[in-house]
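Q: Start from the sequences, fold in the hints, and give me the full structure.
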Amino acid sequence: MFGKLGKLISGRWKTVFIGWLIFFAFIQWVSPHWKEVALDGEFDHLPKEMDSIQGEKRFAEAFPDDLLASSIVVIVRRENGELNDNDMAFIEEELRTRLETILADIDDVVINEQLTVAEANLGKEEFARRKSSLEAELVRRLEIGPIPESDITQITSIRSPTDDLIGEMLISEDRQAALVIVGLSEKFLEYGNRDTIQRIETLIARPGGELFEEELIPDGLDLQLSGTATVGRDMLEARDESAAATETWTVGLVILLLILIYRAPLLALIPLITVGIANQVSLSLAALLSQFNANDANILFGFRTFVEMHVYMTVILYGAGVDYCLFLIARYKEELDAGADIDQAVSEAVGKVGSALTASALTTAFGIGMMVLAAFGKFRDAGIGIALSLIVVLVASLTLTPTLLRLFGRFAFWPHIRSERITATAGWISGSTLMSMLIELNPLSNGWEKVGQAVLNHPRRLWGWTMALMIPFAAVGVLSWNHLSYGLMSELPSDDASVVGAKAIQGHFPEGTAGPLTVLLANDQMNFNSSDAKEKIAELTAILRGKSDELNIADVRSLSSPFGSHEPSWEGLSGIPLALKRQAVNEKTKEYYVTQVEGLSGDTTRLDVIFNEDPFSKNSIARLDGVEKVIRDFFAKQDEPLKTTHMNFIGSTANIRDLKTTTDRDRIVIDVAVLSVVLVILWILLRRFSISLYLILTVFFSYFVTIGFTYVLFWFLESTGEFAGLDWKVPIFLFTFLIAVGEDYNIYLMTRIDEEQQRRGPIEGIRVALLRTGGIISSCGIIMAGTFSSLVLGGTLKGMQQLGFALMFGVLLDTFVVRPILVPAYLVMLHRGDFGKWTWLLGGGAVSTAAEPESPSAELETPADNQLQNG
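Just so you know, we're using this note's numbering here: the sequence shown kicks off at 815 and counts up by one.
Hints are supplied without guarantee of correctness; some may be wrong.
As the list claims (entries may be wrong) - Derived PhoX-like pairs (lysine-lysine); straight-line CA-CA distance at most 25 Å:
#1 Lys-1443 <-> Lys-1361
#2 Lys-1350 <-> Lys-1443
#3 Lys-1348 <-> Lys-862
#4 Lys-938 <-> Lys-871
#5 Lys-871 <-> Lys-1361
#6 Lys-1432 <-> Lys-1543
#7 Lys-1402 <-> Lys-1348
#8 Lys-849 <-> Lys-862
#9 Lys-1457 <-> Lys-1443
As the list claims (entries may be wrong) - What follows is a set of in silico ranges between Cβ atoms, one per label pair, in the way DEER data are often shown:
#10 Pro-1021 <-> Val-1411: 42 to 50 Å
#11 Ala-1352 <-> Ala-1289: 45 to 53 Å
#12 Gly-1278 <-> Val-1444: 47 to 55 Å
#13 Trp-1529 <-> Gln-1158: 51 to 59 Å
Honestly, the hints are just simulated from the structure, not real lab data. Beta carbons: idealized from backbone N, C-alpha and C, even for Gly.
A: See the structure below:
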């Protein structure tokens, strides 16, 4: 098959080359921009049946006018005294007024457009029922003044200290700070929030902001920005910056490594062109598939792109793709050295390495593709996207790379084109390059000879000492396997606006103020407006407050206690004015805490729980579990129909808990699936189950060593002294990538060992195979690790840096420890019979040889390294 492909490409290389150019231009033209089809929000990828997702849906039905999905919080504070009357006047007359101007940014020209969007979001039936109220709201906002279409925002509400319902709660107990909460209709990780946040930053910035330039901010008053939407904006910007920097570092490092390897600009350019085109084609195909699925198609399990997916696709594709190109070019140079002309060399190279590259790519693609079994959309879609990119780069390596070699001819080796033969002293690397000089010195050439001899002479000792050094880190990896960070702000740099603002809020308010937990209670047999139901809610509220220390609750607000621990001020009111004021507040309280929607009226109520902890932290999940247990125990003791009350939890903490629940399940499912699939592939290729199992166990062991070492390193580097754990995405991405890539290299080694054992015998064959594969596999491992290091160098998010380092360390550990020491040392012990009666069961036994073992030196002096012929 691959022989025919090689001849076809060699004979029709111009057609193949032009075909690639046409396809590349076409796919770029038809595919949408990545961000147009990418799902922004972290929690949009959760399964629809999760509690928080169902709760959000129920909440939207029960409280359609409260569209708060995220918020921007402006904190106004004085560090050296209480807020005075002048400060409060500034908040209401200047700050809130300017924010209301932003709120009014809806022009009559775009009302119909807004209604169209609402219809798409709500569905035809719900939209028809609410159309009149939506139009009235649009008109009400329009009355403040028309503003250009480009200035439309997602603001749904503004709450300040003068708010009748929660105003008192927006002033700190020390009276030094006050909050202005701007509610948004979009979730916190949405690109649509960025313009609104930018406008508010432009308003309050000091110096340079509008209020500052107009000298409206009282002296000594500090304004900062925070809130869930601001956290989301900073996360998105950090991801975008990291993505751009990572891609730049990836390309730069690949160029550097290729130049070091070849010191021939055109030869280094060939893999770069191949992988660059394959990368753009992969991203375009992914965006196109995502667009189809956004329009109700269901291709590849409903595949959708997400914001940072292209970073993972690019890094993996560059690492694997350059490896594939290097293997092909290595064989091409061997054929030229053996006397073939350029056409023959291209044809033979594709024919002889095609099966090896295909097996390699499919092993990695199938392993990573097992992420399709994940329930969390990001894991599932990442697995599909990366597997797709590996297939694309495989096709490009087998078709585009040969056409480029044919196009450049012997000029590819400039400035060495005068040589009639390409030197083979270093195997597949030009003998005059810097890299070849390093190889001849140590350790990539002579070093492998020494390692191979050490493995033969002292396999048990070498294996034992290596394991002894690795076991402590593996133990840390096992113990810290579930010690993960789900905090978002902990990933951000300390000088980001949301982090600075959050610290300002925490100095005066409970940490959970910006992201309260909402408990939704629904019972279609109850009317929560009734006095009996209100008494039960009061009882539940009191129970929760009674456990405030145990659950770290700062406040609880409900229908029976709408202001929580902050009683409203009725100063200056008495008689009829006081009664009217109380009645107005009670009406607003009822609208806020009990649904008034026709058909649902009274059957749903809400409680807001404010924790003393960051709503994005893992600790807050434990507090939520405690709150849920208290509420469930409470209703379990009630009589019918109250006993059947259904509950949902919504808010940042509820989303984080569902994220943890989903990803914990996914880690187990994917780990088992990846191990099983790769084990089956190894078994099929090697036809020895016990040895295949050992290979799997070595990479599995190195995974825990990598997790442990990464954990220790980042714990040591944590400047705050409070290490929350590795980012929750690190273990699953690391496991999948490391198992797939690690076994990929093991396949190359084991197939070569089988070949050499047939010619040299069971023991000497291992040494020779290690020497033969040492240079090329280690060079490929360095390139793969180099591309992963771009995540560390380019990433500003701690999670991305942790993943990049772990992948880089894991690949290097596998390349320079697991594959050259743990694997061959075990095989030597096995073939020497060191395991006694267990030898046969562990995969040992006589290795049949076609001839008597040859002299090692005779074979090692041959000019061409044939390691790819069967690998």
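Q: State for each hint whether it applies.
A: Against the structure, the hints come out as follows:
no.: 1; hint: Lys-1443 <-> Lys-1361; verdict: holds (12 Å)
no.: 2; hint: Lys-1350 <-> Lys-1443; verdict: holds (17 Å)
no.: 3; hint: Lys-1348 <-> Lys-862; verdict: violated (32 Å)
no.: 4; hint: Lys-938 <-> Lys-871; verdict: holds (16 Å)
no.: 5; hint: Lys-871 <-> Lys-1361; verdict: violated (29 Å)
no.: 6; hint: Lys-1432 <-> Lys-1543; verdict: holds (14 Å)
no.: 7; hint: Lys-1402 <-> Lys-1348; verdict: holds (16 Å)
no.: 8; hint: Lys-849 <-> Lys-862; verdict: holds (23 Å)
no.: 9; hint: Lys-1457 <-> Lys-1443; verdict: holds (14 Å)
no.: 10; hint: Pro-1021 <-> Val-1411: 42 to 50 Å; verdict: holds (47 Å)
no.: 11; hint: Ala-1352 <-> Ala-1289: 45 to 53 Å; verdict: holds (51 Å)
no.: 12; hint: Gly-1278 <-> Val-1444: 47 to 55 Å; verdict: holds (53 Å)
no.: 13; hint: Trp-1529 <-> Gln-1158: 51 to 59 Å; verdict: holds (57 Å)
Violated hints, listed in ascending order, are 3 and 5; each of the other numbered hints is respected by the structure.
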